[in-house]
Amino acid sequence: GIQVEQSPPDLILQEGANSTLRCNFSDSVNNLQWFHQNPWGQLINLFYIPSGTKQNGRLSATTVATERYSLLYISSSQTTDSGVYFCAVDQIQGAQKLVFGQGTRLTINP
Amino acid sequence: DSGVTQTPKHLITATGQRVTLRCSPRSGDLSVYWYQQSLDQGLQFLIQYYNGEERAKGNILERFSAQQFPDLHSELNLSSLELGDSALYFCASSPGRAPSGNTIYFGEGSWLTVV
Chain A
1 GIQVEQSPPD LILQEGANST LRCNFSDSVN NLQWFHQNPW GQLINLFYIP SGTKQNGRLS
61 ATTVATERYS LLYISSSQTT DSGVYFCAVD QIQGAQKLVF GQGTRLTINP
Chain B
1 DSGVTQTPKH LITATGQRVT LRCSPRSGDL SVYWYQQSLD QGLQFLIQYY NGEERAKGNI
61 LERFSAQQFP DLHSELNLSS LELGDSALYF CASSPGRAPS GNTIYFGEGS WLTVV
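Protein chains in written order, with the working numbering: chain A, 1 to 110; chain B, 1 to 115.
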């Protein structure tokens, strides 16, 4: 099946810093979503972005489908941005399910 | 609020017991997905239903079963529970029969602790 690798596994930053999270996937995909899991366990949709670039406030994402990677940018980090960020993909060929990466744990210190 | 409702939010039960987790999808969504999140396995796909029929199956144990009812709500039944079944169980929904082309929204999860 498709492999999804996220980097870095852990990231610790000061409030106000910018960060870039990366998601590499091993095959062509129909669906790519970024999620934020907050400290209470909730999985919050950030972007549906199988290709192209999207922005939502301080967050933006870019997926380069031909090169099989996606980037999530967080600018001017706030403590509420802390949590785990997951990338999930649906492979074009194969079982139709979202496959999740292992996540990037982001800690924003005040 | 994603619009996906899961109950109960927390559940503590003993080994060997059986529990049922319930999910109501977003209005208009026909697909329901179940995922398990444990510390050592990450987020694992269990099973998907589309409009009442099983559509895709993942790493679901034989002790686990699910169904989707005519009103589109779904239940995940976990039986002969073991300590290792302790996890956060998510339900998700989407409009279409497959993840492609659809944003999939997750509920808040059901925390299951087996003691």
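Hints in this document: simulated from the structure, not taken from any laboratory. A virtual CB, placed ideally from N, CA and C, is assigned to each residue, including glycine. Possibly wrong hints are sitting among the right ones.
[Unchecked claim] If the Cβ cut is set under 8 Å, some of the chain B residues that face chain A in the computed set are:
#1 G16
#2 L43
#3 F45
#4 Q48
#5 A56
#6 F69
#7 G84
#8 L88
#9 P95
#10 A98
#11 P99
#12 S100
#13 N102
#14 I104
#15 Y105
#16 E108
Of the hints given before, which are not true for this structure?
1, 6, 7 and 9
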